[in-house]
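Engineer: Each chain, written out:
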Amino acid sequence: MSSEKASALVLRTIDFSETSLVVWLFTREFGKISALAKGARRLKNPFESALDVLTLCRIVFLHKSSEALDLVTEAKLLRRFRPTRQNLAGLYAGYYVAELLGDLTDENDPHPELFDLADETLAALAAGEVVPRRLARFELIALRFLGHAPALDQCAECGMKIDLTGRIAFGGIHGGALCRGCRQGKSSVVSVSAGVLRTMAQLADLETQAWRRIEIDAQILGELRKQEAKNNREILPQRLG
Amino acid sequence: MSEVTRSVTELINEFAKMPGVGKKSAERLAYYVLRLNRTEALVLADAIRNVKENVRYCRNCYNLAEQEECEICRDPNRNREVICVVEQPRDLMALEQAGTYHGLYHVLLGRIAPLEGMGPEQLTIDTLVNRVRSGTVREIVMATNPTVEGDGTSLYISNVLSDCAVRVTRLARGITTGSMLEFANKEVLADALSGRQAF
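Chains A and B, in that order, are what the protein sequence lines are. 1 is the number of the first residue of the first sequence in my numbering; add one for each residue after it. 1 is the number of the first residue of the second sequence in my numbering; add one for each residue after it.
No wet-lab data here; the hints were simulated from the structure. Check before you lean on any hint, since a few could be wrong.
[Claimed, not checked] Part of the chain B face toward chain A, derived, beta carbon under 7 Å:
no., residue
1, 16
2, 114
3, 147
4, 148
5, 152
6, 155
7, 182
8, 185
9, 190
10, 193
Bear in mind that the values here come from a model prediction, so they are computed numbers and not experimental data. Even for Gly, the Cβ is constructed at its ideal location relative to N, Cα and C.
Modelling step: build the complete structure from the supplied sequences, incorporating the hints.
Structural biologist: Structural data, given as structure tokens:
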């Protein structure tokens, strides 16, 4: 049992006893961990209210080698998630980020780049950035970091370049866009507009800042949300087994 | 390992189910009950039975009550223009012990916590909105816990009440009285500065 330090985002907390909490943390160095925080519910505790949902903190914890819960011994608050006043959409988007991090990642499987992305996303949501654009970008890049990025401009099966006009076959569980030939006989394939795939490609771009200038119209946004929700529904059951 | 007796073992097991009570403490409590005389032990048993048979939620505010309405709702000296919204009855008790609030309460029986599957429909928000719309309420004091989920619940309720002619306020937060500025964390100091008041 070794003492470790890590930067962590608090994904969820559950009351364990009168004074203690079980916390699920997404750490930069160790991936997702679940740990016991003894005394965290006391008024005077060593955690300085750092173990609240969506808080960014620096923790010291005892890493158990067995299946048992780790033990958080210290937590220093770095930033609370505090959406600007009246920003309920930003708050719920923050919850959604935590839920995705919890569902898409495994315990003790670190993804520092995903941690940085989540940290940046939560900071932007708290600052009042436009929620749908920021959230869609988070989902797409998170999927890329975790190896689930959908193919957007070439067929996921045969690799053929896809002409981004009209409507295009798309299957999340098949890896993304499909050409006419590869679409045949496949289930769970939907038809999406080329505009949605173009928007997804722009939002997932890590090279430039062009995504910040994208104006997503309501129709494309609706289709995009529907498609991403479907994508997540298809990926998560595979992960959860 | 042989049991003490079946009844004593049952009692120990029941005590061990209580929060914060382990096997050893449960044994201590059980032996305490064994040492009580019959009358004292039955008073304890009756107290437990009475709580389960007589205590219910107040029909107005969801505080604990033994009649249709709780004592606070029945008290004619209470200010009926102010409602303080709390998450649980124990939060209400803590505020009552402060002794400085003389209005009414509303207990939500939880907080909005989507990550735990707790939505607004599972709380008593509808009843609160009806109280505000049908009564003479002028102010709602949001006294949910100062956590992300507590703040979120307050924000949701203030949005729901935005079309009502009622002032929605939030409990102040910041530096604890008697503490030292140099040891306060930056979030607490930021709260204290943003919530500063004129003398």
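Engineer: What are the numbers of the hints that this structure violates, sorted from low to high?
Structural biologist: As far as the earlier hints go, 1, 7, 9 and 10 are violated by this structure, in ascending order.
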